[in-house]
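Residue numbers (full-length UniProt numbering), protein chains in the order written: chain A, 1 to 316; chain B, 1 to 562; chain C, 1 to 292.
Hint data in this document are derived by calculation from the structure and do not stem from the laboratory. All C-beta atoms in this analysis are idealised placements derived from N, C-alpha and C, irrespective of residue type, glycine included. Each hint should be verified, as a subset may be incorrect.
[To be verified] Between beta-carbon pairs, the in silico distance windows are: (1) C:Lys149 x A:Gly76: 34 to 44 Å; (2) C:Leu58 x B:Asp376: 20 to 30 Å; (3) C:Arg21 x A:Gly76: 51 to 61 Å; (4) C:Thr67 x B:Lys369: 54 to 64 Å.
Now for the letters of each chain:
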Amino acid sequence: MSRFLLGRLIQSAILLVVVSVIGYVILGLIPGGPLSQFGLDPGLTAADIERLKEQMGLNQPLWMRYLDWAWKLLHGDWGVSLRDGTPVLTVIARHLVATLLLMGSSTVIAVAAGTWIGIRSATRRYSAFDYAATVGAMVALSIPTFWFGLVGIYVFSLKLGWLPAGNMYTIGDASVLDYLHHLILPSLVLSLVHIAVWSRYMRTAMLDAINQDFVKTARAKGVAERRILMKHVVGNALLPMITLAGVQLPSILTGALVTETVFTWPGMGRLFYDSLGYSDYPVVMGILMFSAIVVILGNLIADVVVALVDPRIRLA
Amino acid sequence: MTDHDHTTHLLSRRAALRLGLAGGIAGLGLPHLLGKPAFAQGATAKEAAKKAPAGRVVVGITQEPTVFNPLMLKIEVDDGVHFSLFDALFRIGPDGVITPNLAAEVPTQKNGGISEDGLNWRVRLRDGVRWHDGRPFTAEDVKYTLELITKPNFRAWRTAGHSLLRDITVVSPTEITWRMEKPFSPYLSFLTETFIVPKHVLETAADPNTADFNKAPIGTGAFKWGKRTAGDNLELVANRDYHGEGPYIETLVFKYIPDLTVFYTQFKSGDIDLTGQTYITPDNYKEAKTLPNKVVTLVPRQTIETIYFNLEKPQFKELAVRQALYAAVDKGAIIDALYYGVPSVTESYMPRSSFYFNDKLPKQTFDVKAARKLLDEAGWKPGKDGIRVKDGVRLSFNNTTTSGDHLREQVQQFLKQSWADIGVEMNIANQPAAVLWGDFWAKSQFDTVIAGVTYMVASDPDVTNRFHSSSIGAKGGRGSNTAQYANPEVDALLAKGTGTFDPEERRKIYTRVQEIVRHDLPFMPIFQYTVPLGHKSSVKGFVPNPNTRTESWNAAGWSRVG
Amino acid sequence: MTALAAPMTPTRWWQGRAVRRFMSHRLALVGAIMIALLALACIVGPSLLAYDMLQIDLRARFAPPLTGAHILGTDPLGRDVAARLLMAGRISLMVGVLAMVLSTIAGTLVGVVAGYRGGWVGAVLMRTVDGFLAFPPIFLVLALAALLKPTPAMIVVIIALTKWMEVARIVEAEVRSLKEREFVHASRMLGLSSAHIMFREILPNAMGPIIVAASLTVARAILLEAYISFLGYGIQPPLPSWGNMLNGAQQYLASAPWLAIIPGAAITIAVTSFNFIGDGLRDALDVRGELK
Chain A
1 MSRFLLGRLI QSAILLVVVS VIGYVILGLI PGGPLSQFGL DPGLTAADIE RLKEQMGLNQ
61 PLWMRYLDWA WKLLHGDWGV SLRDGTPVLT VIARHLVATL LLMGSSTVIA VAAGTWIGIR
121 SATRRYSAFD YAATVGAMVA LSIPTFWFGL VGIYVFSLKL GWLPAGNMYT IGDASVLDYL
181 HHLILPSLVL SLVHIAVWSR YMRTAMLDAI NQDFVKTARA KGVAERRILM KHVVGNALLP
241 MITLAGVQLP SILTGALVTE TVFTWPGMGR LFYDSLGYSD YPVVMGILMF SAIVVILGNL
301 IADVVVALVD PRIRLA
Chain B
1 MTDHDHTTHL LSRRAALRLG LAGGIAGLGL PHLLGKPAFA QGATAKEAAK KAPAGRVVVG
61 ITQEPTVFNP LMLKIEVDDG VHFSLFDALF RIGPDGVITP NLAAEVPTQK NGGISEDGLN
121 WRVRLRDGVR WHDGRPFTAE DVKYTLELIT KPNFRAWRTA GHSLLRDITV VSPTEITWRM
181 EKPFSPYLSF LTETFIVPKH VLETAADPNT ADFNKAPIGT GAFKWGKRTA GDNLELVANR
241 DYHGEGPYIE TLVFKYIPDL TVFYTQFKSG DIDLTGQTYI TPDNYKEAKT LPNKVVTLVP
301 RQTIETIYFN LEKPQFKELA VRQALYAAVD KGAIIDALYY GVPSVTESYM PRSSFYFNDK
361 LPKQTFDVKA ARKLLDEAGW KPGKDGIRVK DGVRLSFNNT TTSGDHLREQ VQQFLKQSWA
421 DIGVEMNIAN QPAAVLWGDF WAKSQFDTVI AGVTYMVASD PDVTNRFHSS SIGAKGGRGS
481 NTAQYANPEV DALLAKGTGT FDPEERRKIY TRVQEIVRHD LPFMPIFQYT VPLGHKSSVK
541 GFVPNPNTRT ESWNAAGWSR VG
Chain C
1 MTALAAPMTP TRWWQGRAVR RFMSHRLALV GAIMIALLAL ACIVGPSLLA YDMLQIDLRA
61 RFAPPLTGAH ILGTDPLGRD VAARLLMAGR ISLMVGVLAM VLSTIAGTLV GVVAGYRGGW
121 VGAVLMRTVD GFLAFPPIFL VLALAALLKP TPAMIVVIIA LTKWMEVARI VEAEVRSLKE
181 REFVHASRML GLSSAHIMFR EILPNAMGPI IVAASLTVAR AILLEAYISF LGYGIQPPLP
241 SWGNMLNGAQ QYLASAPWLA IIPGAAITIA VTSFNFIGDG LRDALDVRGE LK
């Protein structure tokens, strides 16, 4: 096990280097750069722009900038934002809270709704509910998230006026209720896809569990059907779900990115989109490395948990 | 236009206030316009104004302010914050008149503040001004500020003008002098956008680029630093010891709402009190006007919507081609239909509100026949595919603007159809802002670009940066002459203009420059931006000012009623 | 599909077990029919409509659907939404399918080589795959769109660049298990070239999962195209795509909601159909895999 872990960790480290190179090169090749936003400033001359490029080290060759950045990163220095000079980790930490709030609430919704739908579908296999859930999940997976967000804003904010169209709270009213009020629409939109995914997994896992011997044994022993269901089947079905959470992390992150841009939610996705627009290289690279680490760790943990739960899987 | 009346009243009151203060007269009984209780007998106007600032104004903006050292590289939204936190030596009003701010008077050649040759400047400063930390403001701060801007390692914003300064001398705590390398009349205007920073705070920082000050600035302005929630909002609080008029509100909040639809919804719902920077979109103007308890006014900006030619491209070398393309543009349709009649048609790069605006420029008329005739006569004959050709050059080009700017995309598609009508092919090739406004724009790598361009710094008419032949970035020049426009007469006039201080003399010069530029068409002027700005009717004292880059330049004068 | 059809009795492809199972999968059938109808409408439709998708008529701006001559209303330039929707369908479906083809070919090549060769070649290839997978896809797409000129062909390339990894992973796993089978050993003993073994012996046996992945890739490619065009980085006007029809629609959400609803609905229908087909194919081809 420890050998397996070591191997995977080394691989992950190499992976991070690959990610950083790909990311840095793509970013560096995009023409323009962080000074473009001043291209129309009436008083800032071309000479000023050249001076600033020099001062900010932007006219060094790409590989030198990469090595400089990577060397500092190895020493724990993630650099500072080109926009406001704040350390990148601070910038990420500030926005992470908002994203975690959004991801957390939508995961709660997705797990609750998905589990319920999955159980019901599995126990009433081939019922009208099961079919509706299948079709519904397919459709939910096919709706463009950003568009669903727009429709949500149109219906609930513009037409009905029930929910705010964006931002995280009302200025001057930072009560919990106010936060929740702002949270409803974006987290519902974000959870849609995950309800679909989660309910399908849950259904499959339930069906697998129902056919296990111990369930049959329990049934033969005359244990109440409901008790079998809750204790044996659901319990066993939920186990592999733990790993799903790890696997789902990156896709929730991506979903959050799209949702945040539609709802002007001040999270990582919004930050990423803005920073890319400003060519704020240190922040963009920071987010990239951060999410790569999360994704890689997520996968690693998922693999380990699977291995621990299911001894049949050989770690190699 | 109640708002207009308000402006004049407020201004006259401000002027009167200054007069009173300058003369050292106490107990001046000024009429109070802002619905506040009358002053107690014997109290000075200044003290009375300080009485308990109350309420809050939330300004909605679509970009996030991130730069709080006002001398560093910054964008418009940062300016909005700087005007509240800091003071400059001078301020410029909506009418273009420059008034003293931290200075005690505006130096002119008449009052001896500027020498006859324009080289020696003397500025007297206001006494008794204190920084937010209680330390007194002196001429040393001004000297430090002006020197910091041109420090080699400092990531300064604009250095034009500042780099001409020599021998900055502190004569007394309230007087400073300097010499200029050459006479440069626009410098007075530049100083209205140069905020003074505290020497005693920044001096102690190892590197002013990364000083703590940059994250929690200390100024002399009407508001002090409150707290920042990155990615969402920034809160400033009233400076009760402000040396000037106001503030009347306790908190000033800048709220960042990047999406225009969400922005407008929040204005409608009352989450934001005032729309700053980016405005209500033209399509919402009609509805916005009818909203209860909201005041929505059309405010001219200095920005001109233009279609730039790259004059070095073989298609555009000939004036006849540019004239023909211009004649085939239905400006009326663009303004009335696509922009809902909100902006105003123009022929000049100079904003209409400017003292230097030339209103006698020939009007463009939409005339497809004339356009075709121009091209026929110039020898551009339609080829097999219907696109005109001359000497092997096809009259086909790309047009670029910011990706995702749907209003401009509509204009582009409309133009494409209009120009196809006269045998010209235009292809849309948009780019993300971060790409477009980099070298692609600065080094003239485009064919044509739709851009909203501001030509003025504060209200100064100098356009050397945009039209002088030495300013062509693509040819190693130091400015932003991206059309690669070169006209010896314009060059000579521009040089003369920066050396002239008398406004009447300068008016003659720049009137002629506008005439020549209109004739040469280095770009097609489409319209001057006029934007709907809105605020709740309970916010009083809002005065738009086209000579600044921000709507919150006078937040000190805002108040809340009800 | 040679592996699935019984080798001794020559059957026509439509008599095969897979086809029968696909046909019995009701949702898959619905999906296939919908795609066929959609494709037909996009190919034939524009010529049946009275309006050209590019014809600008500012007097007819913002006509709501079903009220006048324009069935689905008009856009901010007075162009017929129906005509644009169908032309956009051509672009969007084409981009989706071509991106699928390109990413499937690239992914299959990488997967087959990595799986068959193994060793350091396999490791380098698969770690590159992991490297690409570790990016949030949106990042790759936005950065690449800023880097490359947004012509439809480039959009196809950009989407393919962000989608090939999944196919590569599936194929690699499949090939790795297949290469230990007897028929591969036999081929090797016969002295057949590696290329022959990889592409003529192993690949046909791995077609099932590839086909399933391909159908799901079309769905995701259409979604991705919609998103980047929505942001303005994708297909450039005046050429319509379902995504760029939505760009700007957000602005007019309150006054002209149909501009947002109609193209979005078209995307949803198309993507759902491809997902139905993918699901059906999975059952038909006996591919074990999870719904993603």
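Here is how each hint holds up against the structure:
Checked against the hint of 34 to 44 Å, the C-beta distance between Lys149 of chain C and Gly76 of chain A comes to roughly 39 Å, which is consistent with it. Separation of Leu58 of chain C from Asp376 of chain B is about 27 Å and conforms to the stated range, judged on CB atoms against 20 to 30 Å. Roughly 56 Å separates the CB atoms of Arg21 of chain C and Gly76 of chain A, a value that falls within the hinted 51 to 61 Å. For Thr67 of chain C paired with Lys369 of chain B, a C-beta distance near 36 Å fails the hint of 54 to 64 Å.
The structure is inconsistent with hint 4 alone, although it conforms to all the rest.
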